[in-house]
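Participant: Here the protein sequences come in this chain order: E and R.
The opening residue of the first sequence carries number 1 in this note's numbering; numbering runs sequentially from there.
The opening residue of the second sequence carries number 1 in this note's numbering; numbering runs sequentially from there.
Simulated from the structure, these hints should not be mistaken for lab results.
Misleading hints may appear alongside valid ones.
Keeping only pairs whose Cα atoms sit at most 20 Å apart, straight-line, the calculated DMTMM-like set for lysine to aspartate or glutamate is [what the hints assert, rightly or not]:
| no. | chain 1 | residue 1 | chain 2 | residue 2 |
| --- | --- | --- | --- | --- |
| 1 | R | 73 | E | 95 |
| 2 | R | 62 | E | 95 |
| 3 | R | 25 | E | 95 |
| 4 | E | 25 | R | 123 |
| 5 | E | 137 | R | 97 |
| 6 | R | 88 | E | 121 |
| 7 | E | 73 | R | 121 |
| 8 | R | 62 | E | 121 |
| 9 | E | 62 | R | 121 |
| 10 | R | 40 | E | 97 |
| 11 | E | 88 | R | 121 |
| 12 | R | 137 | E | 95 |
| 13 | R | 137 | E | 97 |
| 14 | E | 62 | R | 123 |
| 15 | R | 25 | E | 38 |
| 16 | E | 63 | R | 121 |
| 17 | E | 147 | R | 95 |
| 18 | E | 40 | R | 121 |
Listed below, chain by chain, are the residues.
2 protein chains.
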Amino acid sequence: MMDSMPQQSSSAPPAPPDPPLAGLKLDANGLIPAIIQDHKTGQVLMMAWMNCDSLARTLETKKTHFFSRSRNKLWLKGESSGHVQHVKSVATDCDQDVLLIKVEQVGAACHEGYESCFFREMDPLVPAGSGEASGWKVVGKLVFDPKKVYAK
Amino acid sequence: MMDSMPQQSSSAPPAPPDPPLAGLKLDANGLIPAIIQDHKTGQVLMMAWMNCDSLARTLETKKTHFFSRSRNKLWLKGESSGHVQHVKSVATDCDQDVLLIKVEQVGAACHEGYESCFFREMDPLVPAGSGEASGWKVVGKLVFDPKKVYAK
Numbered sequence: 001m002m003d004s005m006p007q008q009s010s011s012a013p014p015a016p017p018d019p020p021l022a023g024l025k026l027d028a029n030g031l032i033p034a035i036i037q038d039h040k041t042g043q044v045l046m047m048a049w050m051n052c053d054s055l056a057r058t059l060e061t062k063k064t065h066f067f068s069r070s071r072n073k074l075w076l077k078g079e080s081s082g083h084v085q086h087v088k089s090v091a092t093d094c095d096q097d098v099l100l101i102k103v104e105q106v107g108a109a110c111h112e113g114y115e116s117c118f119f120r121e122m123d124p125l126v127p128a129g130s131g132e133a134s135g136w137k138v139v140g141k142l143v144f145d146p147k148k149v150y151a152k
Numbered sequence: 001m002m003d004s005m006p007q008q009s010s011s012a013p014p015a016p017p018d019p020p021l022a023g024l025k026l027d028a029n030g031l032i033p034a035i036i037q038d039h040k041t042g043q044v045l046m047m048a049w050m051n052c053d054s055l056a057r058t059l060e061t062k063k064t065h066f067f068s069r070s071r072n073k074l075w076l077k078g079e080s081s082g083h084v085q086h087v088k089s090v091a092t093d094c095d096q097d098v099l100l101i102k103v104e105q106v107g108a109a110c111h112e113g114y115e116s117c118f119f120r121e122m123d124p125l126v127p128a129g130s131g132e133a134s135g136w137k138v139v140g141k142l143v144f145d146p147k148k149v150y151a152k
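Whenever a hint applies, use it, and build me the whole structure from the sequences.
Facilitator: Structural data, given as structure tokens:
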């Protein structure tokens, strides 16, 4: 991103270990955002966080692995659904604190059944701030039924 | 992103104000990552952070504004270079904690002179971890000379 200084809390944690790709800058929690893009269509599919382990696993297996901040554990994308992402290329930005990973997506990226997690778009016809549900409309393509896929 | 729980420090700051688009989830610092994509080519140009003010300014002016964590201030993308981004659409993900903004880019996105900030790609011929400069190669297209543009 354009803004390279790490955020430091008053009780800064110890520096994270060196990431498996030289020069990458992890944040104070040892994480880096990874943007996932379909390598053929250019559609941005999702964004999730990686730590050193998940990045190393991603590079080794050529399947995306992320770090879940809520569950505090590494996860293989598609481990429940089978909707894995085969890595085609890995890029980083000028500040080397964001990753852009192009993938071949099996199934669909979003656990809600859409091709991309970015299935809600701002609706210019509904003024922003005019109510709890206002401002967004669903524009994404529904590809699967989450109840069926995750009930397996 | 797929991982929706906000990170809480031991001294959690007060909740940030409601963002100008209903349902968006800002992090504990009142920020949300914004992925910027070229609306025609699909090229991912950059990622930067927005707070409520920068998102409101972006929606009002239809030009991207971000929040600089290092300078602790709002900035208009292109304020120095003239390389502004005209907003074409604003989407959010399933967890509503990331934005995807499609733009028409004037000039080039990266302050280093490249079309996209993601101008470095992992080089599979150079093993990761084999040295400080290893693992990456420049693949992006250089569009302008930063020394000339920022010397104005």
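Participant: Each hint: holds or not?
Facilitator: A quick look at each hint next to the structure:
1. 73(R) to 95(E): holds, 18 Å
2. 62(R) to 95(E): Cα-Cα ~26 Å, so violated.
3. 25(R) to 95(E): Violated: residue 25(R) and residue 95(E) sit about 25 Å apart, past 20 Å.
4. 25(E) to 123(R): holds, 18 Å
5. 137(E) to 97(R): Holds, at roughly 16 Å.
6. 88(R) to 121(E): holds, 11 Å
7. 73(E) to 121(R): Cα-Cα ~27 Å, so violated.
8. 62(R) to 121(E): It holds: about 15 Å lies between the C-alpha atoms, which stays within 20 Å.
9. 62(E) to 121(R): Roughly 15 Å separates the two Cα atoms, so the pair holds.
10. 40(R) to 97(E): violated, 25 Å
11. 88(E) to 121(R): Within the cut-off at roughly 11 Å; holds.
12. 137(R) to 95(E): Holds - the C-alpha atoms of residue 95(E) and residue 137(R) are around 14 Å apart, at most 20 Å.
13. 137(R) to 97(E): holds, 16 Å
14. 62(E) to 123(R): Roughly 14 Å separates the two Cα atoms, so the pair holds.
15. 25(R) to 38(E): violated, 25 Å
16. 63(E) to 121(R): holds, 17 Å
17. 147(E) to 95(R): Given pair residue 147(E), residue 95(R) holds - Cα atoms ~18 Å apart, limit 20 Å.
18. 40(E) to 121(R): holds, 17 Å
Hint compliance for this structure: hints 2, 3, 7, 10, 15 are not met, and every other hint is.
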